[in-house]
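Engineer: Mind docking chain B on chain A? Use the hints.
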Amino acid sequence: MGFFTADSVAVTLRGTRILTGLYLSVAEGERVGLLGVNGSGKTTLFRCLTGEIRDATGVVHIRGRYVAPAHRWKHIAYLNQIGFLPRDRSVRKGASLFAGAAGIRALREDERAASLLHRRVGALSGGERRYVEFLLVLQLDRDVTLLDEPFAQIEPLYVERMHAVLRNRRRGSFVITDHNHVDVRKVCARLLILRDGRIGEVADRESDLVAAHYLPPRGNSH
Amino acid sequence: MIDRSFGTTLSEMEAALFRLVRRVRLIWYFSCRLLSANIIASAVAAGLFSSMGALGGGAGTVERALTAWIAFGVTLGFGAAVVLHVRRRAGEFHIYRSHGLRPSVCVVGAYVVHGALFIGCAAVLSRFF
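Protein chains in written order, with the working numbering: chain A, 1 to 222; chain B, 1 to 129.
With the rest of the complex left out, here is chain A:
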């Protein structure tokens, strides 16, 4: 059994079966990329794993111990897709709410984030806000971190810094999903693809992603 395993995860939302008993296993310290077309259920899977969707079935084990949905927040950090910092408050206030003094400290330690501390969240660019939220979620330092489209809308410079932050992490496992598969492949040792409600492993080659119907065939990209 892996460090983090989710077994028989299934969920039906509004009559549509989104996930059909999938199995996910991640080793300790491993970074796994989860790819999938729009609507394949990546975000739904993350929400099931965090216990946010109460109708979901499936069991989660961390370090070999069963973790009930109500207790998963203690072990799993989750960067959601839409962002969570209150837009009408300062970054400092949002960081303090989300992660207390440690959250503010984490932002102070980062040169770019430190310069944003006293600005209102609503006044930040999409990329700046995402970067700050990314740092705050990582600061929670939980056993497993789920990152839902962390690189979306972010300028290359920030993306490079995020790569560096992820690579330098020695603790905890990561599951990262993003449509920017190039960035995902740069930081992840293993790639998975979510299709038809199930997870399959793919080799880190474009031809495999084409075969998995994730990328268009060469010469047919437009």
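Please keep in mind that the hints were generated in silico from the structure rather than gathered at the bench.
No residue lacks a Cβ here, since even glycine has one placed at the ideal position from N, Cα and C.
There may be inaccurate statements among the hints.
Straight-line Cα separation of at most 25 angstroms, DMTMM-like style, residue types lysine to aspartate or glutamate; simulated pairs [claimed, not checked]: (1) A:K74 <-> B:E12; (2) A:K186 <-> A:E28; (3) A:K74 <-> B:E14; (4) A:K93 <-> B:E14; (5) A:K74 <-> A:D141; (6) A:K74 <-> A:D148; (7) A:K186 <-> A:E160.
Part of the chain B face toward chain A, derived, beta carbon under 7 angstroms [stated by the list, open to error]: (8) E92; (9) H94; (10) I95; (11) G100; (12) P103.
Have a look at the derived ranges for each label pair, beta carbon to beta carbon [as the list claims (entries may be wrong)]: (13) B:I119 <-> A:G21: 47 to 53 angstroms; (14) A:A189 <-> B:S36: 44 to 50 angstroms; (15) A:H118 <-> B:L84: 26 to 32 angstroms; (16) B:G115 <-> A:P216: 54 to 60 angstroms; (17) A:T20 <-> B:G120: 50 to 56 angstroms; (18) A:A189 <-> B:V108: 42 to 48 angstroms; (19) B:V108 <-> A:R169: 35 to 41 angstroms; (20) B:V108 <-> A:V165: 34 to 40 angstroms.
Structural biologist: Showing chain B alone in chain A's frame:
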């Protein structure tokens, strides 16, 4: 036990205490977020209620008005405030969830805080009328 979520090493009891403090703080914050919307919506609800003639005249009008305001205004106003808040800032619930607070717990907690505030205000106001 090592609890890293506070950026330092804590005993199990200290970590539990810190978690409790953080949760109370988050519920208080959530209550504050809803307060202005609740006051406006409560005033509208109380106005509607009084216009229905439920307040009537005679002795104890102020007390009855305040009671009506608390009972109906806070109930309807709070519901409206929550709906408005969720529609505008659904992502914020992620902050509470990350600390083990379900949205329903936040709502109940904030309702208790608002109820206490409104009853306190009513008690103070009733002394002047």
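Engineer: Of all the hints numbered above, which does this structure not satisfy? Sort the numbers upward.
Structural biologist: 12
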